[in-house]
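Number of protein chains: 4
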Amino acid sequence: MTKEEIKQKLTELNEKLAQVWDEILSASELVQAINEKRIDQRLFALYMLETYHYTRHNARNQALVGVRSFQAAPSYVKFCFDHAAEETGHELMALHDVKSMGLNIEEKDLPPALPATEVLIGYLYWISMQGNPLQRLGYSFWAENCYQYINPIINSLQEQLGLKSSQLTFFIAHSTIDEKHAEEVNNMIITHCKTEDDLKAVEKVMETSLRLTGQLLNAVYDVYSSLEKGSSGTYQFLNVLKKIK
Amino acid sequence: MTKEEIKQKLTELNEKLAQVWDEILSASELVQAINEKRIDQRLFALYMLETYHYTRHNARNQALVGVRSFQAAPSYVKFCFDHAAEETGHELMALHDVKSMGLNIEEKDLPPALPATEVLIGYLYWISMQGNPLQRLGYSFWAENCYQYINPIINSLQEQLGLKSSQLTFFIAHSTIDEKHAEEVNNMIITHCKTEDDLKAVEKVMETSLRLTGQLLNAVYDVYSSLEKGSSGTYQFLNVLKKIK
Amino acid sequence: MTKEEIKQKLTELNEKLAQVWDEILSASELVQAINEKRIDQRLFALYMLETYHYTRHNARNQALVGVRSFQAAPSYVKFCFDHAAEETGHELMALHDVKSMGLNIEEKDLPPALPATEVLIGYLYWISMQGNPLQRLGYSFWAENCYQYINPIINSLQEQLGLKSSQLTFFIAHSTIDEKHAEEVNNMIITHCKTEDDLKAVEKVMETSLRLTGQLLNAVYDVYSSLEKGSSGTYQFLNVLKKIK
Amino acid sequence: MTKEEIKQKLTELNEKLAQVWDEILSASELVQAINEKRIDQRLFALYMLETYHYTRHNARNQALVGVRSFQAAPSYVKFCFDHAAEETGHELMALHDVKSMGLNIEEKDLPPALPATEVLIGYLYWISMQGNPLQRLGYSFWAENCYQYINPIINSLQEQLGLKSSQLTFFIAHSTIDEKHAEEVNNMIITHCKTEDDLKAVEKVMETSLRLTGQLLNAVYDVYSSLEKGSSGTYQFLNVLKKIK
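Residue numbers (our numbering), protein chains in the order written: chain H, -2 to 242; chain L, -2 to 242; chain G, -2 to 242; chain S, -2 to 242.
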């Protein structure tokens, strides 16, 4: 494929992306609850806990692509390691944001990831450890470029929950870094994808990982709902945030 | 252990290192041949070919440490990925230096690594994929800081073989980068090694990987010797460099 | 925990299992279509194609548990390898059953796994490569013991589609082997699970992997529906089976 | 290549093997010490300790070949898992034999593997995790068929050290099992090796892993020598066996 054809494909990829986001957000009970202002800080805490979990693994599975791709172009391998280095430790921002709301919890005492989060994490390792080495770019393609879709939701959350910017370090730091990353990811696709199969692999991972993230949002909402209904269990410790809107 | 005790251990590590280098270099037929000026460009080409092979894997096994160390401190994981990114593609310098002598060979046509090189590569993956996550620092500890030991040999090689600096890009680039790396490696040891076991693991990998590198030098010399004796086989293509001293 | 407590837990695990199966089957459009006899051989072929894909990986991820669990009891490691050996190549039964319906397709030409199948495969590698080494028993626990839940569906399929037993080798071979396996899996749980955490890990993987299999069934039904609606694309080649009920 | 050509290659492989064994045994100080009856039970204990270490990993790296070889023939993958299952836990025989001499030591208190043993272990993982999936057969080819070379040494050891057969379970069990294994390994080579490259890969691993085993023998002898000279350190606990010839 020519560079022009690949750029054309990127446009189509963006259209596909808009459509999948639309499907996910319009069907999301979590988004509906935010829109209808039926939430409190527990929802944000729950989301940040899962963010902590998958973020811990993102740098690792990103680096894994470079580790196992013995035949990949050095500039792509270098991107994998550089990108991994830049994302390392970002789970601590998510943890900071959770704690900033007044939760007194240590890293080692966090509840384990929800099943939906484990499934996303497992999928990202799987597509990183085998298959087309370029396919993980499909995850970065949407993840580094999600702010146009989620900013309205984040802003609404922030306002409703009375959160200061210093309590949203994960999102604010990423929306800054990710602009640069999004451009790098585009460049990697344009430089290294050579065939239809490369682009199909990127698209498949883009859609699948975004839909799994949608299921993670659903799972977060389910836990929130059950907390609202007074359920006890693992997440009960979040009830100190109950009245904080 | 206190930081002071660890710094003391670093001094002991350096003493041990000097002693192992001394053993290796004084028993090395390759070094002896260089000292006695019984070499030609084939020897350097052979060494650079093996350097190409292990260097291709060094960034990868370095990154692997970060990938699999789920409990390691983020600053150490970040070091692993950063360091991997910086070393990525350096095998191309070794290839450049080989080709600069007039060998017309493509990457895909290079002979496979010698067994001694495979053994070194395999060992580095092994200590990177399991065991104490800090232990690979033992390899970096000597590798990033080897110039005091090998510079006299490189200089003698360069002079005897009439090589320009532009034909020694692998060594020259590394001796510059590695100064910074050596300091970072020291800092990582001082910051992250907490126990006697950590330091023992570092020392074990330092000594073992250096001795395996010594065996790689022996293997390179053996191939050179057999070429000198007129043997045919895989490395015959190097004979175009025969008369070039 | 005592053996008695663990046996009690197994009973609870079986109750939980019955409940998850009930949720999945009662919400499944695929099951509904079978019950209402609105299916043809394309549905079975689609399901067998996905079965081919995940089965190719089941032996491998089972063995991976033994490979990476350096501290596990030898008898558990041996179980992992024995069990893997017994499952190896069973994807060829699924392929045979697809081909027996009259599809002339070679292994290398099969369509890739659906995203839902990739997600299941990725999850099984993930829980096999890290975490509690016993947790993969949660997958085997339901998979080797699923016939009481799925036999009515298989029987109905077989009758509606006019399939001979020789066209159901995957199910028939497995329902025989799996009786023995199910007992072995129970024994492994009773012998090796020692703590609440072990059993929680087993339960989490049991539920998560079964729900992912439910999503695989949904995905199969979605493709079938779109074929019924005349969609073209990857699975069009199955339309030769269209009229065969 | 035809089956006939491959069988011819097997003959050549056996000739090569005889030659490498001859080189190793004739240069081995350990063998010389046995021949000159300058040994005591510490030597056997040291060898069994290292045998314990590499044997713990042999089943695992054997299974790894099947795990990662996604395109390999099912019958070869099954062989990998079956063979792994049969070798699992055999390190306990080595431990039994050490303890049978009167050493009161628990598995968890064993000294770590010597560097030479780590190098062998690492190499076997390396050739199992990447490269030609058939190449690990080169290790099995000599390891399952080593008794003609080592039996005279073992017999001499047994006699000199006054060991009963029940104290040589590792060797006796293996010499029985391995006859069957050796035949299976030959069959695997004949069935699955199709090209010169396959056979070269098998030969390379055969020779390299055997030479690394030779270095392991040297390392065992070095520790024994230093114990004889009265050195203190990790292996001092073996001195209770000092006078037992």
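There could be a bad hint or two in this list.
Said to hold, decoys possible - Derived EDC-like pairs (lysine to aspartate or glutamate); straight-line CA-CA distance at most 16 Å:
hint: 1; chain 1: G; residue 1: 75; chain 2: S; residue 2: 180
hint: 2; chain 1: L; residue 1: 75; chain 2: H; residue 2: 181
hint: 3; chain 1: H; residue 1: 4; chain 2: H; residue 2: 181
hint: 4; chain 1: G; residue 1: 75; chain 2: S; residue 2: 9
hint: 5; chain 1: S; residue 1: 75; chain 2: G; residue 2: 83
hint: 6; chain 1: H; residue 1: 75; chain 2: L; residue 2: 83
hint: 7; chain 1: H; residue 1: 75; chain 2: L; residue 2: 37
hint: 8; chain 1: L; residue 1: 75; chain 2: H; residue 2: 79
hint: 9; chain 1: S; residue 1: 75; chain 2: G; residue 2: 79
hint: 10; chain 1: S; residue 1: 197; chain 2: S; residue 2: 9
What the hints assert, rightly or not - To spell it out: a stretch of chain G is covered by chain H in this simulated footprint if at least three of its residues, at any positions, have a beta carbon under 8 Å from a beta carbon of chain H; those stretches are:
hint: 11; stretch: 104 to 116
hint: 12; stretch: 129 to 135
Bear in mind the hints are in silico, worked out from the structure with no lab data behind them. If you're wondering where the values come from, they're calculated on a predicted model, not measured in any experiment. Glycine residues also receive a C-beta, built at the ideal position from the N, C-alpha and C atoms.
Those earlier numbered hints the structure runs against, lowest number first: 1, 2, 4, 7, 12
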